Structures are given as C-alpha cells and as structure tokens.
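**Q** Each chain, letter by letter, is given below.
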Amino acid sequence: MKSAAMPKLSAASAMGLALAATIGAICLPAAPALAGTASVEPEDSDVAPLPMPKPSWFYIQRGFVQAGTGVYDSATGKYLAQVETPVLGDLAIDPAGKHYYVAESVWTRRLHGKRQDFISIYDSTGLKLEGDLDIPGRMLVGGRLHNFIVSDDGKTGYVYNFNPVSSVNVIDLAKRKFVKTFELPGCADIVTYPGVGLAALCSDGSIASINLKGAKEEITRTEPFFNATNDPIFDNYAYDKSKAQMTMLTYTGLVYTAKLGAKPEVSTPFSIQEAAGIRKGDTKPLEVNWFPGGGQPLALHYASNHMFVLMHAGEFWSHKAGATEIWDLDVTAHKVVKRLSVSGEPNSIQVTQEAKPHLIVAGDDEVVQVIDPATGEVKSRIKDAGTGPIQIAE
Amino acid sequence: MPADRTTGDVMKKFNADSLGEKVLRRFAGGTSRRGMLARVGAALVAAPVFPLLPVSRAEAAGKPDRSPETKTAFARAAQTSDDTKCNYWRYCAIDGALCTCCGGGIHTCPPGAEPSPVSWVGTCINPEDGKAYLIAYRDCCGKSFCNKCNCNGSDRETQIYTPQLNNDIIWCFGTQSMEYHCSTAVLVGAA
Chain A
899 MKSAAMPKLS
909 AASAMGLALA
919 ATIGAICLPA
929 APALAGTASV
939 EPEDSDVAPL
949 PMPKPSWFYI
959 QRGFVQAGTG
969 VYDSATGKYL
979 AQVETPVLGD
989 LAIDPAGKHY
999 YVAESVWTRR
1009 LHGKRQDFIS
1019 IYDSTGLKLE
1029 GDLDIPGRML
1039 VGGRLHNFIV
1049 SDDGKTGYVY
1059 NFNPVSSVNV
1069 IDLAKRKFVK
1079 TFELPGCADI
1089 VTYPGVGLAA
1099 LCSDGSIASI
1109 NLKGAKEEIT
1119 RTEPFFNATN
1129 DPIFDNYAYD
1139 KSKAQMTMLT
1149 YTGLVYTAKL
1159 GAKPEVSTPF
1169 SIQEAAGIRK
1179 GDTKPLEVNW
1189 FPGGGQPLAL
1199 HYASNHMFVL
1209 MHAGEFWSHK
1219 AGATEIWDLD
1229 VTAHKVVKRL
1239 SVSGEPNSIQ
1249 VTQEAKPHLI
1259 VAGDDEVVQV
1269 IDPATGEVKS
1279 RIKDAGTGPI
1289 QIAE
Chain B
40 MPADRTTGDV
50 MKKFNADSLG
60 EKVLRRFAGG
70 TSRRGMLARV
80 GAALVAAPVF
90 PLLPVSRAEA
100 AGKPDRSPET
110 KTAFARAAQT
120 SDDTKCNYWR
130 YCAIDGALCT
140 CCGGGIHTCP
150 PGAEPSPVSW
160 VGTCINPEDG
170 KAYLIAYRDC
180 CGKSFCNKCN
190 CNGSDRETQI
200 YTPQLNNDII
210 WCFGTQSMEY
220 HCSTAVLVGA
230 A
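Keeping their order, the protein sequence lines are chains A and B. Heads up, the first sequence is in our numbering, so the first residue is 899 and it goes up one at a time. Heads up, the second sequence is in our numbering, so the first residue is 40 and it goes up one at a time.
So that you can see chain A by itself, here it is in the shape it has in the complex:
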C-alpha cells in the first residue's frame, strides 16, 4: 500500500505541503522548456486562436461513444482543436471557411423530455459559438457525409431527416433561420446540384434530381441503374462540386460516375477488381475476392481523378470489414495504379486536395494514420484520434 511508506505529518505540515504543491502546480506550466530563461512575470490566462481551414487539415469525429471532432494538420500530424460535435452529430464546413456548422440533437432532461434538433454555428477562427437555430428533426445515424450539406455559396444548409418519413430541412444560413421541410420519399445521401437544387441516391437504384427553383419542389428520377438491395452503392460516395460529378462504388466494386448536368448522366460502370487485373467482384457466396469495405471506404482526389479505396480480401456481404490494402484507382483510365498495404484495418479514408495529397485513414482502434499515397509511407500515427467520419474543408 503506497501510504504505508509515507512518514506521518502533522495537520499544519500537511497543509503547508499542500499549499506549496498547489502553488507549484500553478507555476510549473509557466516554466519555459529551456533552463535559465524562465520568466517570472505574472501571466494571464488566454485562449489559443485557430487559423482559417487549410488544405492540409482534416476533421475526424471521435466516434459513437465519445463526442467531439478533432482538427488536425496532415502536414505535421499536430492536433489543433476540437469542433464541438456530439455523438451522432453532423459537421458541415462553410465553403468560404468562415464557419463550422453542427447539426445535433438533445433532450431537455438529458435522456428524456422534449427533443431539440438544431444547428450550432461556430466562428472558424476561434471556434466561438455564434448562435444556434432550431430545425424540425434530423436522422440519427452518424457517420454519413451527405446528411448535412451546405450550398456552394454558403447561404443554404440542407439537413436530411428520417422520422421515419424521409425528408430534407432547408435552412437559410445567411439569415440563420429554418425555411421549410420537403419530403424525399425513398431517397437519401444528398449533394448540391448546380442550377437545380439537390441530387440524392434512391432505393429503386436511381438518382433523384430535386428542383428547388420553384415554389414547390419537383423530384424526378433517372432510370434505375444499380441494385440497392443486392449490390448497393456506399452512402459515402465522392462528390466533386467543381465538376458536379458523383463518383460511386458498390459493394461488389463497381465504379459509377454521374455528371449532374441538364440531367444526371450516369456512366457505364467498371469493376475496380478488373481495373487491378483480377477477377470481377461478385455477389455469389463462397467466392473470396478483394472487396471494398468500411463506413467511409473511398476518397477522391479531384484534380487527378484518383480514387483511394479501402480494400480487404473476403466474401460478399463483408462491406463493413476493415482494410488491409488501399487501392489507388485512376478513375479516368479505369486502372488501379497502386496497391498499398495498410495496418490497423481502417474503415474510414479521406484524402486532402493538395497537389501532393495526404491520405488519412482511421480504424475502430481510433488510431489515425497519415499516409503518403506516392510511397505508402506512414507520415504520422495519431492515437486516440477517432473512428470517423473524416472530412476536409472544400
């Protein structure tokens, strides 16, 4: 027992030691690292500023158990700050980089009482809460990149809701007020659609176009092009806003692109396995192959049109499995140009949009790895970072 070795002290001595320890505890953090340069000037408490988002930054949610979204710089691996997101919260980043928006839900008496859904608005330089606004509801799921999005001009927010009616809440972020809700039956995973409004994936295997220009929303759908029950497209598909192009991946490894022009133009799919020179993925049982997997299994580097995919060897319906390899797919050339081994069985991946990008992966162990996609070198390994999703400022 530790206390057995401690000499007995009088009450006065103990109080004196406690006071000295307290003073020491206050003073110690002020001591500089180098001996002989210690400042003895009195100090005030202050708060660190945070710069505007940078292309090398990434944002990772802690996960299903712990709240918070960590902000890191992939160039250094350094932890910069925490954006205040709750478990199951959704983070949207202002395209101009001036604000962080968090869609969240609470009950007035912690676990019971009146449910409150709202958007919290934070200043990006300082992370000060500027205010919040009520919304009628939101889907409680977590881990999705397309449940809370912001228009390209930064003025409008869209929050997907499911209660269990499928709908979208429209928020005027400039005026900071809720505008309206419209129903979106059978579809989810929304992205902005220039000149139209929104697009979404649907359970009949189509893409919905949601025209928001008129007083009443008009929803039309493409012909079904994928099987939403047998070979679904992953929710967290990539969307290049500058090209208005969706890049999508199915459980078996089919790659689709859809250009959101006058109407959505869906490409002929190709197999990521065949692009790597191996047998195409299949839904048949007992066939071991390489399959994509994870909650956030792909990330697209827009300028090069290279998609980085978390892959594992297994059987069909293993779409949540962590990865043992990252495949670098040249989407334009339909060719896997590199296969990188990866440790930790990550199930979330993101890529920065720098000229020389960094890959960021995370697994259930909350360890993040920052990887150079050119060499596969792990540049940083960050413990206790989170499980994802992983976002970047766009």
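What you were told as hints is all true, and nothing was included just to trick you.
Think about it this way: if two alpha-carbon atoms lie no more than 20 Å apart in a straight line, the pair counts; the simulated EDC-like pairs of lysine to aspartate or glutamate are:
(1) K124(B) / D1262(A)
(2) K110(B) / E1185(A)
(3) K187(B) / D1263(A)
(4) K976(A) / E1275(A)
(5) K187(B) / E1264(A)
(6) K110(B) / D1180(A)
(7) K110(B) / E1213(A)
(8) K1012(A) / E153(B)
(9) K187(B) / D1262(A)
(10) K1182(A) / D104(B)
These are computed hints drawn from the structure, not numbers from a lab. Since the structure is predicted, the reported quantities are computational estimates derived from the model, not experimental observations.
Place chain B on chain A using the hints.
**A** Using the frame of chain A, we list chain B on its own:
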C-alpha cells in the same frame, strides 16, 4: 435475397423499395411538422409492415432458394447456444450492443429501457434446421449506450436510402426517447 434473383420477373412481381416508398408516403400525409403522437402513430403502423417486407418478397418468389444465405461467412460460423456472442445465429445483421449482455435478453430489453416498436430486419439461417427466419432487430431505448458485446453483422445489410435494411440508423422511433441503449433480435417467423 438470392443473388441470382436480382433482376427479371422476381423484381417485377415484387419491389421492396417500391413498397417501402409507399409505406413512407403513407406516413407522410403532408409536410407540416409532426407532433410526437403522430410519430408514435406512424411507428405503430410501421411495426407490422416493415417486418413483412422479406416475407412478401419470399412469397412473391414462390419457393425461395435460401442456399446463398446459408453459405455466407456468418452463416457457416453461426452457433445456437450462446446469445451473448456475435456469431449467435440471429445476429447475422445486428449492429450495436447485445441486450443479452446488458441485463436483458434476446427479445427482452434491460430494466428501464423501452423497446422500439419498429425495427430493421434481417433474414438469418438457423444452423440447427438450415431454415431461414425473419429477425426483427428492435432497439431498446431511453438509456445511454450500454457499450457491451458490440457486434456488427452485415448479411444483406444495405445503405440508408434503403432504411428498413440498414443497421446503422438509430431505430428508436415511437419511444419516449430516441437515446439508443442496446439491440435485441426478435424471431418473427419463418422467412
């Protein structure tokens, strides 16, 4: 659903997505904000409808070929004796903490938790008789996350645009609180 029935007559006869959409549209009724009572009502209506989807699909297909389901990695390793393990046969598409480890049971919520009347569904193979059964994964709600015996089955699990077959969604609809505690695996019947 068997892989070789992805297209053609089966899909023309029955389209789960179409039915799901009709169900959801019926819930909708308007665009105005709903009160809790309306949500509860919708959820109660949903309770008998969602679990019927795969049954209806099976009926539409005549005698369903369940052999693909019996051959998944999960089905081949499934056991029937320990419902606190992730490979218990009913957990082929469960996601979350097992209520059997949280003071509840396979179809029983832990004390103080409230069972959700609606659920996502799975079709799992009982290795003892080789038959497929419909499993309703009903969340127990109103208490904080149990965080014990966390499992993540994924047989025939889909994405959120097909919500009735997605196991990431918090399915605490129609309960006093949507706070997620743990998940049960209620046997509904033969699939």
